[in-house]
Every structure is written in structure tokens, then in C-alpha cells.
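Trainee: Given the sequences, and given the hints that come with them, work out the whole structure.
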Amino acid sequence: MRKQQELAIEVRGVGRVYGDGAGQVTALSNIFLNIRQNEFFTLLGPSGCGKTTLLRLIAGFDFPTDGEILLYGEDIAPLPPFKRPVNTVFQNYALFPHMTVAQNIGFGLEMLGKPKHEIAARVEEMLALVHMEAMRNRKVMQISGGQQQRVALARALAPKPKVLLLDEPLSALDYKLRKEMQVELKRVQAETGITFIFVTHDQEEALAMSDRIAVMSHGEVRQVGAPWEIYDRPAERFVADFIGETNFLAADVISIDGPRTRVRLFNGTLLDATYPVDLMPEGKVTIVIRPEHAQLDTPSSTAMLNGQIEDLTYLGTDTHIRVRLPDTSLFTIRQQNNRVGPIGFSAGDPVSLNISEGAAQILKD
Amino acid sequence: MRKRFDIRVQPGFAMIAMFCFFLLYVPIFTLVVYAFNSGISIARWEGFSFRWFVAAWNNNLVIEAAIRSVQIAAIAAIIATAVATLAAIATTRTAGYRGLTFKYSFINMPLMVPEIVTAVALLILFSRIKVWTGYSGLGYLILAHTAFCIPFAYLPIRARLENMDLALERAAADLYATPFKVFRYITLPLLWPGILAGLMLAFVISLDDIVITEFVKSAGQETLPTYMLGQLRRAITPEMNAISTVFLLLSLAIVTIFFFLSRSNEKSD
Chain S
1 MRKQQELAIE VRGVGRVYGD GAGQVTALSN IFLNIRQNEF FTLLGPSGCG KTTLLRLIAG
61 FDFPTDGEIL LYGEDIAPLP PFKRPVNTVF QNYALFPHMT VAQNIGFGLE MLGKPKHEIA
121 ARVEEMLALV HMEAMRNRKV MQISGGQQQR VALARALAPK PKVLLLDEPL SALDYKLRKE
181 MQVELKRVQA ETGITFIFVT HDQEEALAMS DRIAVMSHGE VRQVGAPWEI YDRPAERFVA
241 DFIGETNFLA ADVISIDGPR TRVRLFNGTL LDATYPVDLM PEGKVTIVIR PEHAQLDTPS
301 STAMLNGQIE DLTYLGTDTH IRVRLPDTSL FTIRQQNNRV GPIGFSAGDP VSLNISEGAA
361 QILKD
Chain B
1001 MRKRFDIRVQ PGFAMIAMFC FFLLYVPIFT LVVYAFNSGI SIARWEGFSF RWFVAAWNNN
1061 LVIEAAIRSV QIAAIAAIIA TAVATLAAIA TTRTAGYRGL TFKYSFINMP LMVPEIVTAV
1121 ALLILFSRIK VWTGYSGLGY LILAHTAFCI PFAYLPIRAR LENMDLALER AAADLYATPF
1181 KVFRYITLPL LWPGILAGLM LAFVISLDDI VITEFVKSAG QETLPTYMLG QLRRAITPEM
1241 NAISTVFLLL SLAIVTIFFF LSRSNEKSD
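The listed protein sequences derive, respectively, from chains S and B. Residue 365, in the numbering used here, is where the first sequence stops; the numbers in between run on with no holes. Residue 1269, in the numbering used here, is where the second sequence stops; the numbers in between run on with no holes.
All clues given are correct.
Keeping only pairs whose Cα atoms sit at most 30 Å apart, straight-line, the calculated DSBU-like set for lysine-lysine is:
#1 B:1181 <-> S:116
#2 S:160 <-> S:116
#3 S:83 <-> S:160
#4 S:114 <-> B:1181
#5 B:1181 <-> S:162
These are calculated hints, taken from the structure and not from any lab test.
Mentor: Below is the structure:
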């Protein structure tokens, strides 16, 4: 494992409240986060969840009303942005229109008062890093959106920040370019070894790029974990619902055995489920099962669930099948189309469902 | 496809448009033509000549008034633009707050107040100050012109600032630029066309002013417009046309320069 345990950023009890009296709005409340050195850390959440506010607090464009933000142990929360060794890639890049590509990239070093030859060398290095050598003397309005994105990245990396902040940097690009830039960003992060804090509302992007993800909503951090933990072991309904498609089932807790709990579904089927570490499951609970963690079969008395196909959606790589269960709820299954041709089921067919071992997770709420 | 309503295809549109342009430009055209009349009349053509331009050039009163006008306009425009730039930055580079709209209207008030009211008010105020201090130089005119030029300089500068993305200044601060450096390397270069527009607008407005100048000026402080107004009370010769023509060319030159300056700047951003 990489040397990753040293903390780059520690967010301790940070809150941000706007306005006063009756018109008070809480943008962030009591945020605790530890972001490790070299990590690709993502703040994920719907718009208005506070992720951008948190990024602005780390950058210094805004100041917290509570708590502290430590950068390698030093509280930076009261410092103005130009005194923080942290740089930002802005959503719309915010490149300086009256300067060339090279001047944009060199701006930070120039403001730091570095000698000319050092700036020139670093600018060349950055141009090479983002493959923009040929564009060095272009004005920034004369290059494409994807190229502007690269320049913005190079400009923010040139002063060798201790942490790089990225505010939805890919949202203005079209789908194909976005996929390309995802790979590119990962490569640049690996090459430079700089800690990245990435803000996005795109869960797919977050899963694809991050070492760890913090899922946020309503100014609070809901769950922090590796992409697979966020996806397969959501702690609560909001996280399960926000990331990908999911099935919610009601169940009763029967017994607890270490990290596993035995639960009973509405039809009496017994199932093992995992649960969040800070939860003591009891009584009636909700479990989640991802659509790809259940298999469709012909009706059978030994199957976990039986039902009837409501509809099918063919998507090329896979097919989505919605099954009506006896308790009238709908259960979605995603089945990979690993054989050529029709999948052999049609709407109205009676079918059975089996849930993969270890796929069920109990939610906190 | 349904035909969109287009005013250009309505009957009589071309006629009305022609008529409007006719009304606007024929008097100016006539004025320019008669500046070259060799006779003494401004209505009867007697032949082509530059004699009235020569006469104006040799008329010391005209030259003095012209120099004075340019002096006042230049100083007033520069001071007004500097003040307006600061005002525009102060009113756009802050989060909105109660009283901001009030400030906008306060800055733009001189545009609404009838000029004659300002003129009388300044006349009364300045005559007091003249008595107290004994000073009766050009300072009063410059001060008065500065005052009414500020809103004209303010408007284009504020417009430019409002179209400028705040993220640019934020990005500069993020890249270790202190607030002064942000202004020096980002705000000012991007604001330059707006400042230039404000400066030229203020200059032309000051050059052209007659009401306030007429009330505020002391004896022997004729500007070009007040001199011409004075001449109208006597016999009018094509000399007036010649002066007006030069005035017109000067204004056109300023507007043209500004047009090209702002266009070359737009290209670069």
C-alpha cells in the first residue's frame, strides 16, 4: 500500500451558516472529515448539499462559522486564499482571457515571485504533463473546451499545491471528452502524487475515479468510504438511493451473528444481511439489494422470492426486468446479456428470484 | 411554417425610416456644406471656399475658447473617470446588501436632475465661495464638469465589471495574488475598455456642455459652446458652420477611435 496514512486535510466540526435571525440558512453543519495524503477524495451529493461550500472553505473563498480546517496539522480556516498552499480547478475554468496559455499556467508562480527561468521550466513541464505544448502561445479563447480544461488543470498544478481542489471540472464537457478526462485526471494525480479533492454530483464519475468518497446531503456528511463500500454497503436510504439503482425490502431481524444478521422477508424466507458498524439491528428493518445481485429463474418452490414480470427494458449490454412481488412491491433485476439473442422471458411470465450471498445490507433508517 | 411578424415588411416602414434619417441628418449635412460657402450667407450658396475655416483659425477668441474647452474636458474627464472607476468597483465587487440600489441611484442622480437646477445651485454656491476665497479661476468649471461627468463615466465601467466573471478574480487570489495584484493584473487589464469608454464619453459630454458652463463661468471664461451661443446673438456667418464642422469631426474621431479600441479588445477576450 502507498504511504497514505498521513493526513493532508482534517476538517473538524466545520459549520457554515448564512444570514442571521429568521432568514438563517445552514449550508454545512458539524462536518468531520480526514483526507489522506495522495488520496483522490470525492465530495459527492446533489446540488445544494454543501459540497461546493465545503470546497470553498478549504480554498479560502469563504470562511466557516464553526470549527477548524487543518492542512498538515496547521489551521488554515482564517487565512485568505492567497496565503494557502492549495489551488483550485474551477467549474468554468476561469482562465484569464487576456493571457496566453503559457501565461495562465505561469501566473501562480509569478505571483509567488519565483525567478523567471524557474517559471519557464515549470510551465514547460506542465504543458508536457497535459499534452498542450503546441498551444503555449494561444490565447485561451482560441482553444477548445477540453483544452481549456487541461490548461486550468496545469495552471492549478504549476505552483505544486499541497492539495488540489476540483470543483465539478468535467461538468461542462460532453460525454466522450468527460470519459477521456476522467482517465487523464487519474493519470495526472498518480504522476504528481498530489492530494486531489474532487467535487461532483455525478455518482458514476465518483465511483470511477475516487479512492474514497464522502456522500453529502443537506449540509451533512452521510457516509465516507471506498467506492465499493458506498455502493454495496450503503449505511442509509439516502446513500443507497442516490448511488445507482436499488431495491428496498422490509424485513424482520431474527438473530445477530457477528457481522451478519439473519432476517426474515415478508414471505418467510430467511436471509443473511450485513449492517453498518454503528447500528444495532433489531425489530423491523429495511434491507437493500442491488439489481445485479439477484438472479431470475423459472418458478420454483425453493426460490427465495416468486413473482410475475411487470416489464422488461433491453439496454444492449444488459436488460432491466421489473418483477411484481406478492406484497405488490416491484423488484428490479439487471441481467447481463451474456448470450446473443432474446433473453427468453416476457412480460406477464411467472418467475422466481434468488439473491446473491452477502448482497443484502441493512439500512440505518 | 407560419410567417413571423416582421416590422420590416409592414407597409410604409421604409418611408418612415427614410423620413427619420432625413430629419436627423439633413440639417447637419446642410451645416457642413455651408461651412464651405465663399459668401457671407448661411442660406445662399455662392461658391466653394475654405475662407471661414481660415477666419475661425485666425480668430483668437475661437482658439482661446477651444483650448479652454479641451482643457476643462480633459481634466474633468480624467478626474471623473478615476472617481467613477473606484465607485464602480465598490458597487459591483461586493455581495449585494441593503442600500446598494440606493447608491446606484445616488451616483446616477445627476442624469435625472434637470441641468438647469444643478446650474443655478452651483452658481449660488460658487458665488459664495468666490466671495470668501477671492479665487475665480477655471477650477469652478472643472469641478462642475467633473460632477456631471461622473455618472456618464460610471455607466460603461459598471457594465463592463458586471459582465466580468468574479471567478477570474477568485482564481487569481487562489494563485497567490494579493488583492492589489489581483486588481493590477486581472481586474484593471480586463476593465480597460470600459474605462476608456467612460473617459471618452465624459470628455465628449464635457466638451458639449452649455447650460452649467454658462451659469458657472466667470468673465473671460468662454468655452467653445458658450462662445458660439454668444455669437448667435449677432449676425451669423458661415464661421459658425466651420467651427461646428470641426467640432463634429473631432467627436466622430473620438467615437471611431473608441470603436476600434473596443473591437480589438473584444477579439482578444
